[in-house]
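Trainee: One-letter residues, chain by chain:
There are 4 protein chains.
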Amino acid sequence: MKKVRVGLIGTGYIGRCHAIAYAQASTVFPLEAELQLEYLAEITPELAAQKAKEFGFNRSTGNWQDVVSDPNVDVVDICTPNFLHKEIALAAIANGKHVYSEKPLALNAEDAKIMYEAAKKAGVKTLVGFNYIKNPTTQLAKEIIERGEIGEVVHFYGTHNEDYLANPNTPLDWHCVKEKAGLGTLGDLAAHIIQMSQYLVGQDIKSVIGDMETVIKQRPNPNDLSQMCDVENEDQATAMVRFANGCMGTIETSRIACGRKMGLSYVITGTKGTISYTQERMAELKLYIHSDDPARQGFKTILTGPLHPDYKHFCVSAGHGIGFNDQKTVEIRDLVNGLANPTAKLYPDFEEGFKISRILDAIALSAQEKRWVDIG
Amino acid sequence: MKKVRVGLIGTGYIGRCHAIAYAQASTVFPLEAELQLEYLAEITPELAAQKAKEFGFNRSTGNWQDVVSDPNVDVVDICTPNFLHKEIALAAIANGKHVYSEKPLALNAEDAKIMYEAAKKAGVKTLVGFNYIKNPTTQLAKEIIERGEIGEVVHFYGTHNEDYLANPNTPLDWHCVKEKAGLGTLGDLAAHIIQMSQYLVGQDIKSVIGDMETVIKQRPNPNDLSQMCDVENEDQATAMVRFANGCMGTIETSRIACGRKMGLSYVITGTKGTISYTQERMAELKLYIHSDDPARQGFKTILTGPLHPDYKHFCVSAGHGIGFNDQKTVEIRDLVNGLANPTAKLYPDFEEGFKISRILDAIALSAQEKRWVDIG
Amino acid sequence: MKKVRVGLIGTGYIGRCHAIAYAQASTVFPLEAELQLEYLAEITPELAAQKAKEFGFNRSTGNWQDVVSDPNVDVVDICTPNFLHKEIALAAIANGKHVYSEKPLALNAEDAKIMYEAAKKAGVKTLVGFNYIKNPTTQLAKEIIERGEIGEVVHFYGTHNEDYLANPNTPLDWHCVKEKAGLGTLGDLAAHIIQMSQYLVGQDIKSVIGDMETVIKQRPNPNDLSQMCDVENEDQATAMVRFANGCMGTIETSRIACGRKMGLSYVITGTKGTISYTQERMAELKLYIHSDDPARQGFKTILTGPLHPDYKHFCVSAGHGIGFNDQKTVEIRDLVNGLANPTAKLYPDFEEGFKISRILDAIALSAQEKRWVDIG
Amino acid sequence: MKKVRVGLIGTGYIGRCHAIAYAQASTVFPLEAELQLEYLAEITPELAAQKAKEFGFNRSTGNWQDVVSDPNVDVVDICTPNFLHKEIALAAIANGKHVYSEKPLALNAEDAKIMYEAAKKAGVKTLVGFNYIKNPTTQLAKEIIERGEIGEVVHFYGTHNEDYLANPNTPLDWHCVKEKAGLGTLGDLAAHIIQMSQYLVGQDIKSVIGDMETVIKQRPNPNDLSQMCDVENEDQATAMVRFANGCMGTIETSRIACGRKMGLSYVITGTKGTISYTQERMAELKLYIHSDDPARQGFKTILTGPLHPDYKHFCVSAGHGIGFNDQKTVEIRDLVNGLANPTAKLYPDFEEGFKISRILDAIALSAQEKRWVDIG
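Residue numbers (UniProt numbering), protein chains in the order written: chain A, 1 to 376; chain B, 1 to 376; chain C, 1 to 376; chain D, 1 to 376.
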């Protein structure tokens with residue numbers, strides 16, 4: 001494949017991030033195929049046309065079906081609200097398109113499985129937008145773990161906490177409605193840290209027990225603020241997990257965690273050292289090595305730099321910083337190079353996306369039934 | 001009571017901290033009774049005599065029974081290894097002495113209950129050495145919560161992690177032996193953060209489910225390093241808990257958490273704000289208030305100072321710092337003033353100590369049986 | 001002007017950053033003119049052609065003179081080594097081109113003055129690449145100061161420290177040679193923090209006294225490592241300054257400051273509060289307001305977000321992070337919109353660049369003559 | 001000397017800290033002489049009697065002359081307001097007493113010199129209360145430097161900033177009156193960081209140039225708030241210094257630095273590494289070593305522990321924290337052991353105190369005359 005021709009569906013929050021990443025990707029990275037921004041869909045032709053101009057796409061349409069069936073589109077990039085992922089992905093797959101979907105892959109594991117199996121059967125490549133693992137800093141954490149620098153991982157603690165619904169007066173939005181969002185903070189936020197835990201520990205999660213709570217049980221109706229509506233899914237959740245190799249883990253998530261703006265974090269304890277990270281300081285990693293001189297032990301703050309994965313493509317000096325969209329740019333690089341090379345595999349793909357959905361559903365079930373639930 | 005005459009049993013690690021606190025208490029605080037360091041017991045008369053001189057005690061003995069029955073002792077201070085707490089406390093209570101015991105109160109909840117009930121029946125006062133809640137900074141956290149500054153508490157995350165057994169070559173010591181220590185890191189470390197969670201949330205823990213692991217399953221025999229011995233209790237544990245009012249909580253503990261030297265920490269999320277603290281920076285508290293101007297929101301780092309509880313007695317300038325032994329000095333002040341005033345209640349007392357033991361046992365049981373366990 | 005047609009000269013470290021910023025600018029921001037990447041010059045036609053392809057420029061040349069005289073170029077972007085800034089800028093100005101030059105504007109104030117005056121006389125617009133002031137976080141600091149939130153500024157402490165020459169075995173490079181670099185760390189690094197101090201304090205620096213040192217007096221000859229060459233300019237420097245309104249300031253800079261990867265930082269003390277910042281955590285600002293409740297005073301860590309200047313164009317969620325190149329993208333936005341609007345002024349322009357050069361020269365002179373030197 | 005019998009004069013802020021330190025010293029440390037709290041003076045016999053009881057002193061008096069001439073006093077501990085240091089010290093010396101004086105030694109270098117020379121001539125030992133250098137953490141910094149771990153020191157940046165006079169409505173107090181305080185923030189605060197710079201760099205300061213400002217020029221008269229009085233000395237000051245070996249240094253001090261509660265800090269850059277410290281986190285030191293693997297470089301946060309100087313006497317576990325008074329306790333240990341051993345030298349003594357006064361005066365002079373001033 002000499003060109004990767006993209007069809008983008010959806011241009012909201014995350015669609016716009018994709019667009020920024022597409023714009024800079026070929027300047028930042030030496031891509032193995034030419035990236036062509038071919039077709040863009042939005043809910044009206046007018047909005048689609050405007051966004052196509054803004055994002056540099058060749059053509060636009062008010063009908064996403066046009067994109068998934070277009071002969072000049074190689075990969076369909078799904079940035080729509082979550083509840084549409086399944087339908088669009090299946091249509092794209094049916095047309096033999098590769099699919100790049102935002103997370104969560106689907107509203108539940110059942111749907112995710114259908115999507116994963118359809119893609120597998122069709123032989124198309126898939127990628128799910130778990131962009132935080134593309135951050136050079138988290139790639140560095142992965143490298144440190146893989147090289148055995150902290151020994152064998154014995155504990156993973158991870159969070160994805162935000163406070164976008166902390167205010168009880170914030171009206172009900174689609175995140176709070178099962179039909180639109182499926183799970184609450186588990187699907188919206190925890191999907192990231194759970195997937196990241198598997199990436200970093202290098203093991204799948206095999207059993208879980210969760211606890212969760214809808215703290216703010218009603219919110220104002222956005223169409224009539226004097227009326228209250230029920231919040232249909234969880235505001236916060238915790239899960240204890242075990243990875244396939246027996247490693248213990250704890251996952252916490254909340255959308256009402258006052259003060260957390262990008263509270264994705266992890267502390268990974270190994271037999272020889274510990275790594276600590278928070279996404280709010282996305283260009284630094286804390287590393288402790290227990291074999292250091294006991295009188296000089298301590299957590300070291302490593303500023304991400306050109307000696308760490310992918311960073312040098314953004315800047316050749318350490319500590320100069322990377323931003324949110326830069327992670328997405330690494331993801332686009334992976335997409336393009338993965339499609340350019342017939343034998344390459346994209347990661348994290350729909351199989352991983354399905355696994356994450358399965359874990360999320362198991363956490364919800366385990367919380368409801370107050371028991372450990374095995375995965376798969 | 002015009003005098004509080006102390007009989008100290010045990011002068012190791014924590015006994016020495018008590019001694020330092022006794023030494024400075026009457027200079028730091030205006031005590032409501034005269035503190036008299038009367039009698040000290042150690043395992044030999046010689047060691048006892050030496051320590052009595054070093055710590056400023058009037059008399060000494062190689063037999064702790066002398067102390068618990070001495071007519072000139074008002075309160076028996078138990079700083080022995082954990083497995084002796086019960087026997088000494090019961091003997092002291094039988095002699096009508098008030099008892100000040102280090103934590104954990106006993107090796108299991110059953111023993112703790114016997115001790116608590118004996119003290120209650122005898123009408124003596126009791127105090128357990130959960131000194132971290134006496135830190136002015138944590139008292140400030142309590143004050144902030146009680147005043148409603150962060151709203152209703154909806155989540156408590158707490159840890160007590162250390163790394164004193166992180167090295168697998170460290171020989172087996174008494175912490176690893178059930179008969180001497182009872183539980184592992186749960187009893188040694190988690191006791192603190194669990195008690196602190198009840199103190200800060202202002203609610204008892206009512207149900208728990210734990211998970212735990214003995215990561216390093218064997219250690220060298222301290223008497224013959226070429227032989228390996230089994231480690232008999234857990235190296236790390238996690239528990240999800242629910243407080244009486246339904247508030248969710250997560251507790252984590254480890255004695256093999258590389259890099260944690262005093263890893264007692266908490267993050268307390270409320271409906272209106274969040275508090276964050278780590279004992280490794282024991283004189284600062286992070287506070288977030290969600291009602292701040294959205295463009296000026298953020299966690300504020302408050303340096304403990306004279307406007308916060310008890311601090312001014314150590315220093316009248318903010319940010320000048322307090323140390324580990326200063327917490328113990330506050331505890332001694334509570335002890336002396338609580339004994340000086342007939343109607344005063346000491347806190348945390350044996351009842352609280354028993355409650356903590358009951359929670360610890362429930363966590364261990366829940367981990368073993370892989371199910372939620374209700375408390376009490 | 002409906003289009004801004006750029007001629008880029010130089011594609012090294014900073015030229016590449018410009019290219020990334022050009023690539024994403026029109027997606028990130030609603031630009032007021034179309035940005036056209038027209039012409040690119042490098043030292044050979046081959047390299048120029050390769051870079052033009054990589055950076056998306058229409059045409060290329062091995063001769064920078066072609067760019068400055070090309071009728072289809074509106075603005076010449078100078079990313080060459082410092083010693084070429086003057087010649088290229090003057091040639092561009094002579095051809096009536098607007099000029100966007102990297103810092104430092106020139107090797108000394110005399111040259112900078114010639115450049116500034118030439119541009120003024122020719123009526124072309126100019127911009128100097130002091131990109132760190134374009135960071136939304138530093139713009140937020142400016143906003144806080146301008147609104148009087150920290151009262152009147154009474155002290156500015158700023159640093160720009162790095163460690164790229166900390167190792168004495170690093171061979172001599174052009175930074176160490178007067179003819180190529182002019183000043184040492186003052187010109188290379190301090191230029192940024194001095195310009196930033198004027199931006200943030202809102203006052204020009206009016207008198208200075210500096211001290212400086214070439215700590216590593218000789219370095220290996222890069223062409224023959226067995227030979228040593230003299231380092232011709234300063235490794236570290238400090239200056240005390242006074243702003244026009246009498247406000248005190250201190251500037252420190254070093255290129256051998258072990259551990260500083262992007263050690264641009266400032267602490268700005270006002271009569272009512274204090275701001276603290278380090279570029280190594282470029283998306284957070286610390287703010288202290290003295291009128292807070294004395295028992296709740298402390299530095300607040302503000303994560304930059306959509307309520308702060310320019311951030312929302314990168315991401316609509318707070319705390320998600322911005323990177324080095326994002327600053328440059330804001331600079332490009334300023335360039336394009338400033339050129340699109342005939343009456344707009346670019347900032348910081350050659351006049352500001354000249355002022356900074358004049359201050360740098362005064363610091364060097366004051367250090368040599370060991371006396372205060374007045375500016376202008 | 002088998003006993004060290006102390007005569008304490010003054011029981012305000014710092015006198016109380018001495019008392020706390022005296023109380024715990026013999027429990028914390030194995031002292032080489034018995035510490036006897038013999039005599040205490042305050043401004044009235046009543047206050048003296050009350051404080052003697054509170055602090056555990058044997059006798060008391062309302063007349064400090066009684067203390068300096070008492071045959072049962074070995075060392076006179078001066079905790080009075082600064083302007084009395086000279087008179088009391090000279091009287092004590094005249095009576096052959098050793099003298100332990102709080103800083104600053106005197107209101108100016110001339111007085112300090114008289115005191116130093118009198119002590120030298122009389123052959124008595126002296127100690128000045130620069131207690132921050134007794135902190136185990138700063139002792140660790142000294143150890144790291146002395147062992148060459150950061151190579152040769154090439155730059156010292158130090159601050160002592162507080163905000164106790166930041167509010168312009170705070171009435172004039174003795175700190176602002178030349179006759180009572182001498183210098184302003186230089187004498188009150190900078191004395192500490194300047195002395196610490198000499199201790200840590202291991203070199204005397206040899207030349208200085210300062211700048212300073214009385215930012216709040218008038219304050220309410222404390223006796224009639226409707227009247228304003230002139231502030232007679234500086235609110236903030238900066239100095240560039242050179243140590244005897246040529247090492248550059250910068251000192252900053254302020255008593256109006258909003259947000260700084262205990263803003264004593266240092267950053268010490270060496271040819272092989274860097275140390276960074278702030279007294280507000282008095283139990284942690286940041287250390288960077290440039291020879292670390294470049295991909296794993298970073299500042300390490302070392303928590304002070306039993307492997308570092310003096311810490312183990314307070315607690316045998318790392319990271320458990322030390323407080324302000326613990327520093328003073330180390331100072332008392334140095335006093336007692338230094339007096340117990342006839343050949344021992346106390347440090348920092350009146351000679352060092354005089355040197356610091358001389359540096360402070362030189363900074364003030366250099367600021368006034370706007371020129372570098374050599375020391376000694």
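There could be a bad hint or two in this list.
Because identical chains cannot be distinguished in the list, a pair is counted as satisfied if it fits within a single copy or across any two copies.
Simulated pairs of lysine-lysine, PhoX-like, Cα-Cα distance not exceeding 20 Å [as the list claims (entries may be wrong)]:
1. Lys217 x Lys272
2. Lys113 x Lys3
3. Lys142 x Lys345
4. Lys121 x Lys370
5. Lys2 x Lys53
6. Lys178 x Lys53
7. Lys113 x Lys345
8. Lys120 x Lys206
9. Lys206 x Lys370
10. Lys272 x Lys370
11. Lys121 x Lys312
12. Lys142 x Lys312
13. Lys345 x Lys3
14. Lys113 x Lys178
The hints are simulated quantities; they were obtained by calculation from the structure and are not laboratory data.
Trainee: A separate judgement is required for each hint: does it hold in the structure or not?
Mentor: Comparing the hints with the structure gives:
no.: 1; hint: Lys217 x Lys272; result: between (44 Å within a copy, 16 Å between copies)
no.: 2; hint: Lys113 x Lys3; result: neither (30 Å within a copy, 50 Å between copies)
no.: 3; hint: Lys142 x Lys345; result: within (18 Å within a copy, 47 Å between copies)
no.: 4; hint: Lys121 x Lys370; result: neither (36 Å within a copy, 39 Å between copies)
no.: 5; hint: Lys2 x Lys53; result: between (24 Å within a copy, 16 Å between copies)
no.: 6; hint: Lys178 x Lys53; result: neither (35 Å within a copy, 48 Å between copies)
no.: 7; hint: Lys113 x Lys345; result: within (19 Å within a copy, 57 Å between copies)
no.: 8; hint: Lys120 x Lys206; result: neither (23 Å within a copy, 47 Å between copies)
no.: 9; hint: Lys206 x Lys370; result: both (17 Å within a copy, 15 Å between copies)
no.: 10; hint: Lys272 x Lys370; result: neither (35 Å within a copy, 29 Å between copies)
no.: 11; hint: Lys121 x Lys312; result: neither (38 Å within a copy, 41 Å between copies)
no.: 12; hint: Lys142 x Lys312; result: within (17 Å within a copy, 30 Å between copies)
no.: 13; hint: Lys345 x Lys3; result: within (17 Å within a copy, 42 Å between copies)
no.: 14; hint: Lys113 x Lys178; result: within (19 Å within a copy, 47 Å between copies)
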